[in-house]
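Asker: Sequence:
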Amino acid sequence: MSHRPDRPIADPADDRLGRDGFVSRLARALVREEAVDGGTVARASGVVVGLTGPWGSGKSSLLNLLAAEITRRHPTAVVVRFDPWLVSGRDDVITQFFAELIRQIQEVGTNNPQVGKVATRLTGRLTKYAANLAPATAWLGLPIPGLREALKAVGDALDHPESLAAQRTDLITSLAGVEVPIVVLIDELDRVEDPEVRAVAQLVRAIADFPGISYLLAYDRDRVVEALGGGNAERGGAYLEKIVQLEIPLPIAVDSETRGLFTAEFEGAVPAGVLPDGWHSDPRWRRLLAIAIDGLLTTPRDSRRVCGMYAVLAPMVAGEVDWLDLLGYCILLTKAPATVDAIRQQPSLVLSRIMEHQESNQGFTAFREAGSRAVAERLARLGATPTTPLANLLTLLFPRMLGSDTELAETVDGFHRRQPLMTVLRLGLLPGAVARSEIIAFLSLSDEAMLTQLRIRHAEQTLDSFLERLRDIYGDIATPNVESLLWVLGRVPRDIDLIDYCRTGDNYTRCQWFDGFLRCAVLRWRVPFDLGLRTLNSLIEAGHLDAVAMVLRCHVSSHGLYGEQKEDVAGAWLPSETVEGLSSRLVDALVAYQQVGTLLSVIGTPEPLFLANNLNRWNEDCRKSLTEQILADNDALRAVTLLFYGYGHLLFARLNHYLDAALFLDRLTAIADNDTGWCKQAWTARTRALHWVAR
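Numbered by full-length UniProt numbering, the letters in the sequence shown go through residues 1 to 695 in order.
Honestly, the hints are just simulated from the structure, not real lab data.
Taking lysine to any residue and the SDA-like style, the derived pairs with C-alpha atoms no more than 20 Å apart in a straight line are: (1) K335 to G295; (2) K128 to R205; (3) K624 to D588; (4) K242 to V47; (5) K335 to T387; (6) K624 to D660; (7) K128 to Q96; (8) K335 to G53; (9) K335 to W323; (10) K242 to E226; (11) K566 to E577; (12) K128 to D92; (13) K128 to L171; (14) K128 to P211; (15) K335 to P54; (16) K566 to S576; (17) K128 to Q106; (18) K242 to P195; (19) K335 to Q345; (20) K624 to R654; (21) K242 to N232; (22) K566 to N613; (23) K242 to R198; (24) K680 to H458; (25) K624 to F610; (26) K566 to C554; (27) K566 to L615; (28) K128 to Q202; (29) K128 to T169.
Using the sequences provided together with the hints, build the complete structure.
Answerer: As structure tokens, this is what we get:
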């Protein structure tokens with residue numbers, strides 16, 4: 001089924017709600033077959049049926065199916081479709097209704113010579129009768145054969161007046177001779193203004209007892225009753241009962257039918273290549289479907305509107321937003337626009353990580369500490385009440401902010417991340433944001449080309465956002481040479497950050513990032529353990545100690561090695577014996593660098609030194625050697641200051657393990673305030689060191 005944005009279906013093959021049986025029974029109620037001279041003749045039953053249901057519930061689709069069913073059963077039947085929404089004013093309603101009725105009868109008469117003469121006579125009488133119900137000016141311009149003659153006859157009749165009752169009797173006689181059923185289907189009655197609703201009601205009432213014509217009116221009962229009663233529901237209901245003989249509500253749809261309809265509409269709307277393989281079995285899809293049909297998508301129009309919106313938005317954010325989160329967003333746009341407005345005005349209501357705004361992270365921490373009460377308050381600000389379908393949808397899209405941390409790993413570009421949410425709110429990337437296509441292009445480069453690209457981004461101060469985007473979506477992208485990528489990423493702290501000594505804080509953060517990326521690679525993205533281990537060994541051999549030390553120190557804590565308190569081992573991918581072997585090898589390299597006086601040129605974080613201390617390998621000779629360096633060399637003093645205090649801090653006693661802390665403090669105090677060899681970050685580190693060491 002191809003996608004039709006908010007259009008009623010016309011082909012029975014598109015019926016996803018199983019209404020074929022109802023349509024067939026309704027057709028038999030409107031057209032009955034009578035036995036005549038040993039055969040059967042189809043005649044309209046003359047009944048006036050009201051088909052009721054709210055807007056968007058599928059009334060127009062059902063009328064289309066009904067018209068097709070009547071025509072299939074009775075090819076000569078006259079099926080008149082009339083939509084008062086397309087006209088305005090009482091006179092236009094009358095003229096357009098009769099114009100369509102006459103046109104259809106003429107068409108049947110032309111196609112069926114057996115009833116041609118009767119049809120011609122009938123259309124003449126209908127035209128004459130209708131001309132008396134509306135002014136002649138209302139008929140001017142209508143393409144009805146014989147209209148001019150009929151209007152002339154009306155004018156002539158002014159001299160020889162014939163009562164409307166007599167014309168009615170004559171018309172009834174003519175209708176009795178028509179051996180084809182006439183069925184009038186009136187749609188969209190609930191969409192017109194009150195005067196037009198009353199005009200249609202009066203029209204149907206005036207001709208409802210004509211033989212050979214059945215009527216079906218489709219409407220929202222509450223709206224029509226309001227219009228007919230002028231706001232008085234009791235009076236409006238009584239008026240409607242005089243017109244409609246039988247009111248039939250649309251058949252209810254069971255959950256399986258609603259699911260099938262929505263799924264079919266969605267599949268028809270999704271652009272090629274958007275859905276991942278196996279999306280039908282995604283637990284989040286099943287959960288979204290259950291939430292949607294629980295009270296959000298209550299009519300077929302709801303489903304079509306949501307899917308139509310998806311068809312428009314998906315190409316605009318292709319590759320940048322999770323397919324299912326975008327579908328949930330389309331449901332919010334359709335059914336809860338006020339909630340979307342609240343998110344647009346304050347994205348921090350739902351974002352779990354806003355890197356640019358530290359106060360938002362603090363607000364998130366406070367929110368988490370507040371517990372379930374804060375969840376209810378946050379939902380209230382989004383216009384939702386806990387346990388409602390809307391609240392359930394919001395919790396699915398924004399689990400961390402609304403009380404759940406589950407399934408985040410499965411939503412690579414989910415709205416719990418800032419970039420995807422802001423992308424869909426803007427319908428485009430934020431300034432400086434990294435597109436998926438840029439990551440894919442980067443992964444196709446050689447080792448040195450990748451490193452060059454990272455150096456450029458470092459110089460442009462866009463490296464952080466690039467690495468964040470790489471981590472967010474890497475698990476979604478197949479890359480042939482994972483080992484090369486890990487090798488390049490492990491080199492970043494030394495080959496890029498350490499070159500710019502004033503960005504030591506970035507160096508430390510980058511090591512943490514590498515540890516997290518490597519952990520995800522092995523534990524979540526199924527990178528082979530041996531490949532990860534091989535990468536760490538290669539980095540140690542090449543002197544890239546910071547990144548490896550960060551990985552090992554985290555594992556030391558996880559396993560509780562070297563006297564450290566054991567923490568959560570769930571994030572450890574290296575067994576304890578492997579950690580011990582790698583740690584020993586890294587510290588061997590560190591001591592060797594220190595012995596030749598080059599250690600400060602290869603490390604930018606204290607993590608390798610902390611690891612050496614864990615292994616009791618940072619001995620008095622190492623301590624004395626580092627102390628001598630800071631006493632003799634201002635560059636070494638600055639490097640050590642940034643090493644220990646550029647990102648964090650150590651108290652006097654702990655610093656004293658690595659060098660003579662008293663002499664270090666003396667040297668820092670002696671540095672002139674106007675020393676141009678110290679950049680802003682170095683001065684900040686010096687201030688921090690003086691504060692903490694002096695304590």
